Structures are given as structure tokens and as C-alpha cells.
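Q: Letter by letter, the chains look like this.
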Amino acid sequence: MSTSGNYRLKNMLKQPERLTPGHRMCAGCGATIAIRAVLRGLQPTDHAVIGNATGCLEVSSYMYPYTSWEDSYIHNAFENAGATLGGVETAYKALKKKGKLGPDENYKFITFGGDGGTYDIGLQSLSGAMERGHDMVYVCYDNGAYMNTGIQRSSATPMFADTTTTPVGTESDGKIQYRKDLAAIIAEHYVPYVAQSTLTRDFMDLHRKSEKAIYTEGAAFLNLCTPCPRGWRYEVSDVMEICRLAVETCYWPLFEVDHGKWILNYEPAKKLPIEDFLRPQGRFAHLFKPGNEHLIALFQEEVDKRWEDLLYRCNRE
Amino acid sequence: METPIRQRMSGNEAVSEAIRQVNPDVMPAFPITPSTEIPQMVSTFIANGQVDTEFIPVESEHSAMSAAIGSEAAGARTMTATSSAGLALMWEELLLAASNRLPIALTLVNRTLSGPININCDHSDSMGARDTGWIQIYAENNQEVYDNYIQAFPIAEDKRVHLPIMICQDGFITSHAVENIQLLPDAPVKAFVGDYDPEEYLLNPGKPIAIGPYSISAYAMEAKKAQAVAMENAREVILEVAERFYQMSGRKYGFFESYRMEDAEYCMLLIGSAAGTAKEAVDELREQGFKVGVLKIRVFRPFPEKEIAEALKGCKAVAIMDRVESYNGCCGPLGSEVTAGLFRNKVMIETVCYTYGLAGRDFTTTHVKEIFGALKALVEEGKPIPHNQYIGLRTRS
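For the record, the sequence lines run as chains U and V.
If you count the first sequence from 1, position 63 lands on 63 in my numbering, and the numbers rise without skipping.
Offset between the second sequence (1-based) and my numbering: plus 317.
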């Protein structure tokens, strides 16, 4: 099933699921939807080993004695999904070289980590794996906080978000800092492929980038905006709309860095104000209280600045 | 029996030579003194086409053990090397290697843990990892390091065991000192170690597996018990492999070495290179008619409690020597476990626990003789001595 040529979502969805139903992820969870989409990037004839940092996905998809994964799967710890899958990928090279795996047995290596396990505690392990150039894809399902442990802030949490370690109070407007730009950090490793995506109406952006990441030789990184209904406090049926607003407000631009070349994949015809993205989310409810207009203005300022930076990166020769 | 190859080399060279002969599939490693030479030498073997091992130059020891877990789980024979803070940084992963039942071989060059930062030998690194579920085998000299390393894979990979194994040697004292050694030819070593043939692994087409589950309380305790049973099983496997090794090399190994213990009234029990010093002093004291002996522990995990108690039951007193401080106000780990073993096996002899050789402090035959003198005075003259004390301090307290 290819994403090139005449792309049809209907055709993509005909592929057998590699993350099967029965897992314990929440209704309205963006991560589960994104991960199933990433796995559609695999050719059905190829084997895969899936890695996973500790987090929601891991505790919900492989609770002994049940697994939802059709492929071989390894969870090791929180901070080392990069190194662990790098070890698996190296073993593949070693076994191929020694003739212990047949020439027709193709394996692909994909590892999933949340933003806590990727932006924060797993950053060193990720950076090492990317720099060494293991032929693998690291997929960050970024829901902007430590959701598995109960919505604590991470370096991916947006400014002013109300989390359990940045609670809004009489002396607090939520998280003080802006968020880290991890896709840019990994792009600066000069790995062959980096992309940022999210859930869009036809999933073409995510399906295409997943296939490209998986079948580009060398290290690849996907950063996916995957809303969390518990942490973001939106109606579970609104997950697609939240993602659309993330893109249309330029909070979460869709871009890729292909062998060092920055490419903007989507430019909104009319950039929506950031309020449209913030308003449906309970974690930003305090921003809409009278007297807090300046906080929204600050948020908008940061979004604009980063969007301009991205346009500059994508437009330079 | 194979004709030995006579050589002179350091402990690090000896273990690297064994690695060359075993030719493991994957080696992730990060440099740290005094084990750095090992990944350097393996990298040189790779560069010169002497082995086809895949080397992963990881960015930390945590990643070294993480990658080793991924690689071993994938079905590749995997080893690494480290020391001191490197082992400390691996800590979390040591437990996962063991609980995932992955027979990774780690060659550890013992070095003290900070602080103060110091690069020299004591056993605080491996002793701190004593309850991580790894088999631990210690060496007195380069010959034993080499021999232990060759035995490591058949022990760890045995289907009754399936546990990771740590082959330990003393930093600088063994790792860097050049001694005579008898190597074995490549072919019999390769045959002895054999191929790695796991039952379940990630890269097994048509037979995918999942590793590292979340396990609720209804299942997790059984997993831990199964791991404990595997460690129990390691006892017989270690002895079987030692017997096979004896057939090949003519060199005998067990859980420990009893040196002049037949009629010994006083014993010094210790681990590692200091055993050489103790044996030297014992020889001198025996000349004077003093019935003394040495019990050198080779296998610390699984702990050969019954066998140690049996070996000591004819003695009047034993000095238990720890090259690590436990900061528990009682004694080091060897002191705790040996005395508990003696009590449980109703061997009620005098025990005195000593802390020695921390951070590379010299341990000499004078110290050994002083300790045996104190044991004798305790037993024969009733002269009391503290049951937990340091030897070799600049200022004795």
C-alpha cells in the first residue's frame, strides 16, 4: 500500500491493523490513532520490531499476559527507547552478516515514546541513537505533558498550560516556559529525515511521512502532535478538530526536513488566531478570564515568532 | 587436554583475547578507566578483521546496557565492559537485563565509586550491584579472568539459567599488571562456548514476541520467583561448566578456592587479587607452624553459603575481608552474608570483619599477618578485638 501516486484514505485503511483492538488506551486519545497510522507506513510483507518507552502506550498495550502488537515488541525503560532499539537494529545487522537471518527477511525498526520519554528523560538516548545513524524511526507522540503519571509538565508542555506541577493559582498562570522545539533539535543532528505531523482529515500527511521515515535509510524522527483528552480537557469526540486547529493556528506546523532541506508541507490560507486552539481546552480555561488577555497575546507572539522562523528555514536556498 | 599457549599480558588484554576468541555478535560500550582498554582492543580487532562483532559506540553506560538488552533480546550474543560509575549508571538496566532473562556478559574491571573520585580498585561497584540478579564471578589474576570469561557464556546461556553474568577483575592490580598466562587455542575455545541459540527472540520471522510487559501484582511476584529459581539453578551449571573447562584446560574451578585449608585453625576469607597477598603470608606463617589458610570466593552470586560454612567448620576463627564499605555500621556484604551463612549452618566459630584496600589502598602481607595474630590472640588468650574494623588506614582509630 503506497502513499505515493493516487492517495486514497479508504485504501490505506484496508491494511491489517498492526496495533490490534483490545488495548487500554483512552477514548479520544490522539496517540493511538497516530500510532496506527504510522504502522500503515510499513509494507505488509515487511517484519518490524517495535520499541516503546515507558508511558501510557506501553502500560496500555502490553499488560502481561496480553499484547496488542502484531509485531515483535520491546519495552525496556523510560529514558532509553533510542538506545534499546539501536541495540535491536545492530543485532539485525550482526545476524544478517553472519547469515542467521535469510536475505528475504526484512525488518524495520520503529520506536514510540511520549514527550516525557523523548524531550526530557530520553533526550540523551535519542540524540545518541540519531547521531550513530541506526536505521530506525523514533516516533514521539507528543501530548505535551507526563500524562501517564498524571499530567505533570514536560519541556513539551505549552506555556500557560495548567498541569499538576504547574497548577494555576492566585500566584500562578500555569507553566512559565515556552516549549522546546525538538524536531529542530533532531534536524540539527543532520539525520536523513525529520518530520512533524499530526492527525489531518485524510491522514495523507502522516501516512506519507511515516512511509518515508520508515523507508529512508538511516535514522529518522517523527514528532506527532497527539492530543490527550485527560490532560488537555477536551470532549473526546473533538480530537480531530483539536488537531486541525493546532495546524490552522500554526501552533503545530506540518513540515519535514529531508536530508537537510526544510520543507513546509502546509500553509493555512488564513492563519487562525491562537484563541481558537486554546479555547476548547480546559487546561487553558484561565486564559479566557477577564484580565488575562495579555497572556493570550504573549502566547500568540511566540507562535508568530516560531512560524516566522520556520518560514525562514523553509524558504532559504 | 589442549596444549596451552604461553604468553605474558595484562588482565584487560587477557579478557580481550577471550572476547576475540568468542567473537560475540554485538558489543555496545562506553569508555571508563580502568576498563577502557577492553573496548579499544575489541575495536582494533574489528578494524583489523579479526572479529566480525558489531561495536556500538554509545553515548553513556546507561545506553550501553540499554542497547545490550535490545541486542540480546533480538537474538544476538552481546557483551559489554565497564567500571565504577559506569556500572552505577547502568543500575536500572542491570535489573532489567536480569528480569528479562537476557544472558548478557559484562566484563567488569572493579573500581571504587565516587566520592571522592578515585580511579583505583575496590569492590564498591560490583558489590553495590550484588542484588541486581546478575551472576557474579571474581578473579584473582589475569589467568582466572581469561578462564572465567570463557566459561561465562555457557553458564549464562544455559536454558536452566538464562541470566546475565558479570566477570570481575581488580582494577589496575589485575587489569593493568602484566603476568604470565596460559591461553587456549581458538578452535577449542569456540567449540567450548558454542553458538548462541535462544528459544525466543525478537528477530525470529513468523514468531514475533513481546518483551518487557507491564505486569500487575497478580503476575509480577511469580516472575521474580522464577528469576530466583534460575539463580539457584546457576549453582549446578557453574560447576558443570567448570568441570568441562577442566577437561579442556586442566585448570580446576569451583565456587571458591581453599588454600592450605585442610587443617587450618584460622582462615582469611576474601575476594579478588588480595588473595595472592594472603596466600604469600599464609605460606610464611605455615613455615612457622601457624595453621592458617585462605578461602578465596570466586562465585559471589549465587552465594555458596552452605559450601562456605562447610569449608570453615574446622576453623577456630575467620577474618572476613570486604573491599567495600557498606555504611551500615556492622560490616561489608561479605561479612554479613558469611556470618549469616555460618549461623544458619550452625558453624559457631569466631568471625571478625575487616574493611581493607578501599580506593586502591595497598594491602600487604604485614596486614595479613597482623590479622592472623589478632585472630589467634582472640581465640587463645581471649583478647577482645572489635568485630568490625579497618586495616591499612593512615591513622588507626
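These are calculated hints, taken from the structure and not from any lab test.
Being a predicted model, the structure only gives us computed values, none of them experimental.
A couple of the hints might just be wrong.
[As the list claims (entries may be wrong)] Pairs of lysine-lysine residues, derived as DSS-like cross-links and limited to a Cα-Cα distance of at most 30 Å, are as follows:
no.: 1; chain 1: V; residue 1: LYS633; chain 2: V; residue 2: LYS686
no.: 2; chain 1: V; residue 1: LYS663; chain 2: V; residue 2: LYS686
no.: 3; chain 1: V; residue 1: LYS476; chain 2: U; residue 2: LYS97
no.: 4; chain 1: V; residue 1: LYS663; chain 2: U; residue 2: LYS100
no.: 5; chain 1: U; residue 1: LYS97; chain 2: V; residue 2: LYS524
Q: If a hint holds in the structure, say so; if it does not, say that too.
A: Consistency of the hints with the structure:
1. Straight-line distance between C-alpha atoms of LYS633 of chain V and LYS686 of chain V comes to about 16 Å, which keeps the hinted pair within the 30 Å bound.
2. About 28 Å separates the Cα atoms of LYS663 of chain V and LYS686 of chain V, which keeps this hinted pair within 30 Å; it holds.
3. Restraint check: the Cα-Cα separation between LYS476 of chain V and LYS97 of chain U comes to about 26 Å, which is no more than 30 Å; the hinted pair holds.
4. Only pairs whose Cα atoms come within 30 Å are accepted, and LYS663 of chain V paired with LYS100 of chain U is rejected, the gap being roughly 53 Å.
5. Using a Cα cut-off of 30 Å, the hinted pair LYS97 of chain U and LYS524 of chain V holds, with the two alpha carbons roughly 21 Å apart.
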